[in-house]
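Peer 1: The chain contents come next:
Number of protein chains: 2
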Amino acid sequence: MENTENKDNLKIILDDASNLSLNQIRRLLNKMTPSEIAHTLESSPPKQRTLLFSLLKTDEEGDVLFELGEEIQQDLVSNISNEELAEAVKELELDEVVDILQNLPEERMEKILSSMSMVDRQRIEMGLIFPDNTAGGLLNTDVISVRPNNTINEVIIYLRGQKELPENTDKIFVVNDLNEYLGELSISKIITSDPSLTVKEIMETDILPIDVEVDDKEVATIFERNDLISSPVIDQNKKLIGRITIDDVVDVIREDADQNLLGMAGVAEDTFAPPGRAAKSRVFWLSMNLITAFIAASTINLFQEVIDKIVYLAVLMPIVASMGGVAATQTLTIVIRGLTLEQINTSNIRWLFKRELAVSILNGVVLSLLVGIATYAWFQDMTIALLISFALVINLISSVIAGILVPLILRKLKQDPAIGGSVVVTTVTDVVGFLSFLGLATIYLV
Amino acid sequence: MENTENKDNLKIILDDASNLSLNQIRRLLNKMTPSEIAHTLESSPPKQRTLLFSLLKTDEEGDVLFELGEEIQQDLVSNISNEELAEAVKELELDEVVDILQNLPEERMEKILSSMSMVDRQRIEMGLIFPDNTAGGLLNTDVISVRPNNTINEVIIYLRGQKELPENTDKIFVVNDLNEYLGELSISKIITSDPSLTVKEIMETDILPIDVEVDDKEVATIFERNDLISSPVIDQNKKLIGRITIDDVVDVIREDADQNLLGMAGVAEDTFAPPGRAAKSRVFWLSMNLITAFIAASTINLFQEVIDKIVYLAVLMPIVASMGGVAATQTLTIVIRGLTLEQINTSNIRWLFKRELAVSILNGVVLSLLVGIATYAWFQDMTIALLISFALVINLISSVIAGILVPLILRKLKQDPAIGGSVVVTTVTDVVGFLSFLGLATIYLV
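Note that the protein sequences, when read in sequence, are chains U and R. Sequential numbering from 1 applies to the first sequence in my numbering. Sequential numbering from 1001 applies to the second sequence in my numbering.
So here's chain U without its partners, still in its complex pose (with noise of 0.2 Å):
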């Protein structure tokens, strides 16, 4: 079978390249997909993947390209020639060519079309207007129009005329004198319909197009809700100008995924990313981090005196502050989750703050009950055990209150609310829980 014989070619390419010749790591490639080479473009480090880009053929990188994250992307094509990167992304879909090219430098961006012709040119000029992350930044050009009063035996005559539809073809779409969208006809339903009648009579109008300035995001949600495999786009004049496709959709969705795991940790980055640019990404959360480990440090240092007259406080402490964290991580990411499939809104946020409330408590009493045995059994002392459980239930709750506020206020102000918001509140149940625990020690040991 094709798909596990493909996977081997990888599989080979991956783990024996060293001892391959590159002839022989031509051949394998040139019997992959434009997306297994860039799988095992983005799985090489990137002295290997240099190597790799190389031995593709030109018209073979336009595609490879386009179907890599960005990073890699920008770094394979300012290692080749203008006049090589013209060549290589001419064949490509608009959207193709405009998410490669734009994130060139206007100069570099400016050379390449104008060694284009004409209608490459304004065709790609036309694309790049829309910002990346809108419908316009996955719009292609290549639909095909019919009108309301044509019979589906002269689409069919028309549609015979084409050598080949466009891929992902499964409506053509109906426009009028003005090219104003109309409506939608899809390729089965004219299979399966009475050629003698008109496309007004079987088009469909209930699935509304979307505009060209609505998020990616949403496009992927309405491509979902929908069971969409393509849908028209409008301009503001409602004037059809392409179309969006299911393939480029699904890979909106994933790169949303990958930031939100990745936002969460703090790093932004590719896999196999070199090590310089790996320390950059990371280095800001890492130092954010710093602060607010001094912070909670600083917590600390104002109950000097305690731990100094009972030193298994500060055995203790950690504990306290570790349950808090990880209870607010839990928080914080159903609310991310949450937020991202616009699940969380105005009128339902009371009912899950109290929801949390609730689980930190039921867990709170477990957990209390938990640490408060095993703190008597190793140190004997009643009070002790009575204070670090209490504390434990004070951190559990400050973990609900920072893993709902924190991203709520983030998104409020504008900001990703995934990225960074874990260093921001375990800072709150470092601090709640060392004050808690030592507060408490303080009023009640000395």
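For the record, the hints were derived by calculation from the structure and aren't laboratory data. Misleading hints may appear alongside valid ones.
[Claimed, not checked] Chain R regions said to be covered by chain U (calculated; three or more residues, Cβ under 8 Å):
1) 1035-1042
2) 1149-1163
3) 1261-1270
4) 1276-1283
5) 1312-1321
6) 1339-1348
[Unchecked claim] Cut-off 16 Å, straight-line C-alpha distance, at most; resulting in silico cross-link-like pairs (EDC-like, lysine to aspartate or glutamate):
7) R:1031 <-> U:206
8) R:1412 <-> R:1342
9) U:309 <-> R:1308
10) R:1189 <-> U:164
11) U:309 <-> R:1305
12) U:189 <-> R:1342
13) U:189 <-> R:1167
14) R:1163 <-> U:194
From a predicted model like this one, the values you see are computed outputs, not experimental measurements. Just so it is clear, CB atoms sit at the ideal spot from N, CA and C, and this is done for glycine as well.
For chain U, the structure is supplied; the task is to place chain R on it using the hints.
Peer 2: Using the frame of chain U, we list chain R on its own:
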């Protein structure tokens, strides 16, 4: 525009449900697609959710149930009668019915199946054979197949004989007399080809069918790599038994991403799960963290003596632990992402390990300098400043080892590397953090 309008309906229901009469809500629900209704249910607390679901017509219930996450689906299913459920799922596609029925208790399933017609029953029983997380679990039997010797004209006449084609039919399949899969024929190819050609002459054979036993994540990869809308599925005897469509694959991709995000925090519940269930889903990893927190505390306990002498060691020690924890989570996240995307393998793990080491040393130098300066500014003690800097570098290096090894070991043990990984890695960095800082202090200060 409908998309905006429905969004408004959704908002009205979510925000003002308590101010609307049941009839008003029912009218709003009527205007929404099943997927939008499902989203409204998923965004509602349990009580409101049950109410909204009870307002649906029976023939809508099936579609809505299928669109829901497993947990909410099961809750709602457990509240409706066998007869109603059998009626609700009657019109669904095979994979949708199976998705809903497979989680029912054996006895209940039997009762529902026995209330169905023989044909429906046999169809569903066939679907229930396949495990949920395989190609078989995504299978639909609504395939259209033709023979290689049919002419395109015959195919068109046959298709025209159907009232409408199944949803997401971008291609039909070619089989021999034994129903063995031979190739596929896209609808757009049918429409653009000379009607006198035979199927054999224009069918495509280069994309191979998916084996029914293939893992569902692998199915998603095949769809993404080849930009597929639908794909044929064959059994062990190469017989065509159905097809998988992109809408179900998008669900797999979403769920996969969701599991990674939630798993890392040790949560496994829907956003609006009732408090008892949410508490239960989270208490396991909180308890694990309790154990590991006590392990970290025991490490500190070894150094009571030195803390007793120099109390501000207790103030500073959480800084080293906390920085290691953040760094370890960053490495862990990169590794989990790489494993999920199948980018990491035996050939590049060494490179990755060396890269992470380099990152930890690079950032270690920067951060230990900052930590050293801050510590010196605070306590005016050069030895402590040097010790904490050095301990930080040690802990950042340990964070790399934990962040890489823990997910790899979990995967070797056939566990999901994302689940609870962060609790395990931060234990390592806590222990190493306390050990290195307090250990060095014991050596140099006592």
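Peer 1: State for each hint whether it applies.
Peer 2: Verification of the hints:
| no. | hint | verdict |
| --- | --- | --- |
| 1 | 1035-1042 | holds (count 4) |
| 2 | 1149-1163 | holds (count 5) |
| 3 | 1261-1270 | holds (count 7) |
| 4 | 1276-1283 | holds (count 5) |
| 5 | 1312-1321 | holds (count 8) |
| 6 | 1339-1348 | holds (count 8) |
| 7 | R:1031 <-> U:206 | 11 Å, holds |
| 8 | R:1412 <-> R:1342 | 14 Å, holds |
| 9 | U:309 <-> R:1308 | 8 Å, holds |
| 10 | R:1189 <-> U:164 | 7 Å, holds |
| 11 | U:309 <-> R:1305 | 12 Å, holds |
| 12 | U:189 <-> R:1342 | 39 Å, violated |
| 13 | U:189 <-> R:1167 | 11 Å, holds |
| 14 | R:1163 <-> U:194 | 11 Å, holds |
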